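Trainee: This is what each chain is made of:
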Amino acid sequence: MVAAVSKLMSNQDLILVAKKCRVVTAFRNTLGLPGRLAVRLQPNHPTDDPQGVAASIIDGLLYGCGDAVIGINPATDSVPAVETLLRLLDTVIRRYDIPTQSCVLAHVTTQLAALERGAPVDLVFQSVAGTEAANRSFGITLSLLGQAREAALALKRGTVGDNVMYFETGQGSALSANAHHGIDQQTLEVRAYAVARAFKPLLVNTVVGFIGPEYLYDGKQIIRAGLEDHCCGKLLGLPMGVDVCYTNHAEADQDDMDTLLTLLGVAGCNYIMGVPGADDIMLGYQSTSFHDSHYLRQVLGLKPAPEFEAWLEKMRIAAGGRHLLPVDSRHALLADIKQRSL
Amino acid sequence: MTEKNPETPAAGAGRDPWSALSRYTSARIALGRTGGSVRTGSLLDFRLAHARARDAVMAAFDVAGLERELIQKGVATHPLATAAGDRRVYLVRPDLGRQLDGESRDRLLAAAGAWGRRDLAIIVSDGLAAQAAERHAAAVIVPLVEQLQSLGWTIFPVFIAPLARVKLQDEIGERLGARHTLMLLGERPGLGSPDSLGAYLTYRPGAARTDAERNCVSNIRPEGLPSAAAARKLAHLLLESARLGVSGIALKDTETAGEIGN
Numbered sequence: 017m018v019a020a021v022s023k024l025m026s027n028q029d030l031i032l033v034a035k036k037c038r039v040v041t042a043f044r045n046t047l048g049l050p051g052r053l054a055v056r057l058q059p060n061h062p063t064d065d066p067q068g069v070a071a072s073i074i075d076g077l078l079y080g081c082g083d084a085v086i087g088i089n090p091a092t093d094s095v096p097a098v099e100t101l102l103r104l105l106d107t108v109i110r111r112y113d114i115p116t117q118s119c120v121l122a123h124v125t126t127q128l129a130a131l132e133r134g135a136p137v138d139l140v141f142q143s144v145a146g147t148e149a150a151n152r153s154f155g156i157t158l159s160l161l162g163q164a165r166e167a168a169l170a171l172k173r174g175t176v177g178d179n180v181m182y183f184e185t186g187q188g189s190a191l192s193a194n195a196h197h198g199i200d201q202q203t204l205e206v207r208a209y210a211v212a213r214a215f216k217p218l219l220v221n222t223v224v225g226f227i228g229p230e231y232l233y234d235g236k237q238i239i240r241a242g243l244e245d246h247c248c249g250k251l252l253g254l255p256m257g258v259d260v261c262y263t264n265h266a267e268a269d270q271d272d273m274d275t276l277l278t279l280l281g282v283a284g285c286n287y288i289m290g291v292p293g294a295d296d297i298m299l300g301y302q303s304t305s306f307h308d309s310h311y312l313r314q315v316l317g318l319k320p321a322p323e324f325e326a327w328l329e330k331m332r333i334a335a336g337g338r339h340l341l342p343v344d345s346r347h348a349l350l351a352d353i354k355q356r357s358l
Numbered sequence: 008m009t010e011k012n013p014e015t016p017a018a019g020a021g022r023d024p025w026s027a028l029s030r031y032t033s034a035r036i037a038l039g040r041t042g043g044s045v046r047t048g049s050l051l052d053f054r055l056a057h058a059r060a061r062d063a064v065m066a067a068f069d070v071a072g073l074e075r076e077l078i079q080k081g082v083a084t085h086p087l088a089t090a091a092g093d094r095r096v097y098l099v100r101p102d103l104g105r106q107l108d109g110e111s112r113d114r115l116l117a118a119a120g121a122w123g124r125r126d127l128a129i130i131v132s133d134g135l136a137a138q139a140a141e142r143h144a145a146a147v148i149v150p151l152v153e154q155l156q157s158l159g160w161t162i163f164p165v166f167i168a169p170l171a172r173v174k175l176q177d178e179i180g181e182r183l184g185a186r187h188t189l190m191l192l193g194e195r196p197g198l199g200s201p202d203s204l205g206a207y208l209t210y211r212p213g214a215a216r217t218d219a220e221r222n223c224v225s226n227i228r229p230e231g232l233p234s235a236a237a238a239r240k241l242a243h244l245l246l247e248s249a250r251l252g253v254s255g256i257a258l259k260d261t262e263t264a265g266e267i268g269n
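For the record, the sequence lines run as chains A and B.
Residue numbering for the first sequence follows the working numbering, beginning at 17 and increasing consecutively.
Residue numbering for the second sequence follows the working numbering, beginning at 8 and increasing consecutively.
The hints are simulated quantities; they were obtained by calculation from the structure and are not laboratory data.
Here the structure is a predicted model, which is why all the values come from computation and not from measurement.
Here a beta-carbon is modelled for each residue, glycine too, at the ideal position from N, C-alpha and C.
Any given hint could turn out to be false.
[Unchecked claim] Calculated lysine-lysine pairs in the BS3-like style (CA-CA distance at most 30 Å, straight line):
| hint | chain 1 | residue 1 | chain 2 | residue 2 |
| --- | --- | --- | --- | --- |
| 1 | A | Lys-236 | A | Lys-319 |
| 2 | A | Lys-172 | B | Lys-259 |
| 3 | A | Lys-236 | A | Lys-36 |
| 4 | B | Lys-259 | A | Lys-216 |
| 5 | A | Lys-319 | A | Lys-172 |
| 6 | A | Lys-216 | A | Lys-35 |
[Unchecked claim] Coverage of chain A stretches by chain B, computed from C-beta distances (three or more under 8 Å per stretch; other residues unrestricted):
| hint | stretch |
| --- | --- |
| 7 | 30-40 |
| 8 | 224-234 |
| 9 | 259-272 |
| 10 | 334-344 |
Bound-form chain B, shown alone (with noise of 0.2 Å):
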């Protein structure tokens, strides 16, 4: 047996000859090795994006300029807060970022009765990533409203509640009595995906709702679902759910991958 040291690099170590690979991906393929190790090249380039995944992750919300954003386009909106505080305690409590702090149920049920029950709330979240609210909320909302409101939709002001979980929803579309709500969140960011938007949408949400009710479209951003392919998307389910009276795993999602890329 001459099995040689493995730990001897490879002859031929180095670069990867399948390189021409990567334009179809971009995943970390054809990152070559030395030995069987990753090269050093590599290993910077992944704790770089680590380090700014992490500062994405700690960004402060531009509340402000997201609903002025909003209302030049015509969309009013409505300012809550959750019960977290600060994004410390938001990262270490889901339970806080799952519901209304006190002051801001107060001014939600002071507002309700004027507002009367509507078909759906739409809330935005900073969650994980304040950057994908600010790039992408109100490319998707301004077109979503536009349609259903024109197919005879009743729609109540987009909430913009920092530091909230996906369960919020449920609380908020309760108290007001929504048929549907529909919650736009950062993601957590991956290494190369900074700003990835998440939509969860709900028929009849309520404090008894589990997320296998819920249906989710994810990775909303232009290198993966853009804007307006996710508005389009996103009015396809909720009238599908609408008309079916479900939301949730009982709602398949019938389009393929392809469609929904274009």
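Excised from the complex, chain A in its bound form (with noise of 0.2 Å):
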């Protein structure tokens, strides 16, 4: 229904519908609120190497960026390297009293063996899709997703509210697995979010250009499928953000990314990616910037979430919530590591 009602509705429907639908989620922090924008740090290293991991955390946090989430990619799917890379956001995040959650996007099964083996993890990630089939060949079924979320649930590790699960979705991924029983991908793609709806998530986002132009062809449908997306998750009452992508192999280029990140702004989107530069340098696609998250705050006036506000306006790194303030080499965050070196 809601996918059918999605594919009636024009590109101006489905912001003004989805700016009416506001879902607030919390952890560390509260996200989703109205006048708010929340950005995922997303310091990906293509050898998980943890030098090369903090310095873009650590870029990412200078521009005012990683409320929604701090949380990696992990180039390998291995449970002492997820170990690692959860212990080093965790310190960080102790460290500097950020509030802020983490996660290490490996497979489920991966993040709870980490778990398991004592290693701090605020939230569970997984990749969903809308068929029984689908998600088998991402190794998951629903019982194992109630299963990581009573895990991670029993750790207690958030400070202002219990929604422990991240998960992310793309139209095409249950065609893409051979999956979809010759059902339409958007009908598909809100299946996912029904999936997802049922854990009661912090964070859900489509990545919406990721899989590439056997799904999405060019700028103009990545744009449709991102608003289309946004606007179907917002409806079934989902904390939606939106990864803002496109791949190499795709007719699409950063123009088309800047007029989604700005239609996505109007529409009230709960939180977008902020990649050094735009540039993924893991997983070889292009997303959006720690400076394009500050256009989008300035252009519409959205600041992050308030506690990541205080903490920002506490560390002398953004005053009034959007406006940044020059940094020198003594600033905290910086001056620590020096003395460190990494």
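Assemble the dimeric complex from its two separately framed chains, guided by the hints.
Mentor: Have a look at this one:
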């Protein structure tokens, strides 16, 4: 029903309806409030090098990003590597008392294995799809997701809320796994949202242009799909963000992303991605940058999550939630690193 | 409230005082800013890198060159073609890249009798970056084949199949009766990585296999996972897969990031 309606709606309908739906969630900060735009800091590194990851985290924090989550896509789905990254994130968040949450976006079973070994897991991540067969191709079932949620809840690491799950989706994932049963992409995308909704997530985002031109051919299709996904997710009551992105084999460029980013800001999107220079050096695609988030916050008068806004103020990184302050080399985030040489 | 106009460039705008951190990552950090926006130099760098990556996607695959290199190093090859036909079709029809074309299929079946059943079929494709297969495939395959053969593995000639998707290994493996398949193909090029090779291995390949039943080793290139290290890692995974009789998420990679980098 939601998918069908979205196909009848114009772009402006998709924006107007989404704008009316607010979905608020919380873990160590509060996301999705009116007038707010959060950013996932995505400090990926091609070999999961902890120093390389840390360098991108510092960069993002000093650009006022990271309130949605500091979330790393690991290059390798190995338990020790994931554990190392989780400990790094936990150390950074605790040392600077940052009101945000961490996540390492490995397969859910890898995260659970790390958790069982005592790794500090804030959010459990998993990609989800809209058919049982596609979810099986991801190596998951609903009961496995339920088990993961229980394990994360039991750690009681949230301070202002207990939304402990993070999901990603994207039109075409079922078709790509040949698990679509002849059903159209958007219907299955919305079914994926129904999967996500059952686990009370903190964050859900479509990775709208990631899958490539086989599924969304060019900038125009990516823009349309981004608006559809955001609106449908909000209608189903999800805390919907969007990874505004494209690959190098799609007919799209950064100007298309500027357009979609702006439209989603107007539509009240909960969060976007913050990747250094919009160039993800591990996943090999282009998303949105720390600078892009600053553009959007400025042009639409949006602020970070309130707890994070207060932290940025305290750390003298930004004033009024969106005015970046000059940072000199004695700033705490930099001085500390120099002493420890990372 | 004396909030400044947020469009006024911040005092001290320009360069970021943490550019020294760039030595830890090739990510585009410490770009500096004008107001909150990216500087023109960074914008132009980005556009140039994007144009280069687009060119890398469309580049033609030098199959003959790769065949020569492998044969010189004592590894036999066998050419195959998928149903995709040309690169434009390949980009929009993933289903056609997952199947052999009719003539290739006939030739494969004709040769299969003489080969008999073997432990491993290795397939190389350009995928989305021909340069990746041209530059790194042989350097992964040669030591890997050497090590596995020394342990008694029997291996088919290396199949070179332009315009293929990962799942093509299921059809090839199933038709040959291969116990394992390993597919090496060019990954989607990133802005700074036009030649990154991916490797996907499957135990008992067949039409019903899903991606959750494969193991992936990605980012094989000098700046990521160098070829020799990738060969060692793949040998380890294949041996473990054979020992346990599984592949995919049931076969956990227990190496740490540090070990991989060495």
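Trainee: Decide if the proposed pair is consistent with the structure: Lys-236(A) and Lys-36(A), CA atoms, cutoff 30 Å inclusive.
Mentor: OK: Lys-236(A) and Lys-36(A) at ~24 Å, within 30 Å.
Trainee: Holds or violated: Lys-236(A) and Lys-319(A), Cα atoms, limit 30 Å.
Mentor: Roughly 28 Å between the alpha carbons, so the hint for Lys-236(A) and Lys-319(A) holds.
Trainee: Can you confirm whether chain B covers the stretch 259-272 of chain A, using C-beta to C-beta distances below 8 Å and requiring at least three such residues?
Mentor: holds (count 5)
Trainee: Has the stretch 30-40 of chain A got at least three residues whose CB is nearer than 8 Å to a CB belonging to chain B?
Mentor: Violated: only 0 residues of the stretch 30-40 of chain A have a Cβ under 8 Å from chain B.
Trainee: Just to make sure I understand the rule, a stretch counts as covered if three or more of its residues have a C-beta closer than 8 Å to a C-beta of the chain. Does the stretch 224-234 of chain A meet that for chain B?
Mentor: holds (count 4)
Trainee: Compare the distance between the alpha carbons of Lys-319(A) and Lys-172(A) with 30 Å, and conclude whether the hinted pair is satisfied.
Mentor: holds (28 Å)
Trainee: Against the 30 Å threshold, does the CA-CA distance of Lys-216(A) and Lys-35(A) hold or violate the hint?
Mentor: Given pair Lys-216(A), Lys-35(A) holds - Cα atoms ~21 Å apart, limit 30 Å.
Trainee: For the pair supplied as a hint, Lys-172(A) and Lys-259(B), confirm whether the alpha-carbon distance does not exceed 30 Å.
Mentor: This hinted pair holds, its Cα atoms lying about 28 Å apart.
Trainee: Regarding the pair Lys-259(B) and Lys-216(A), is the alpha-carbon distance no greater than 30 Å?
Mentor: holds (29 Å)
Trainee: Taking 8 Å as the Cβ threshold, is the statement that the stretch 334-344 of chain A is covered by chain B upheld or broken by the three-residue rule?
Mentor: holds (count 9)
In summary, the one numbered hint that this structure violates is 7.
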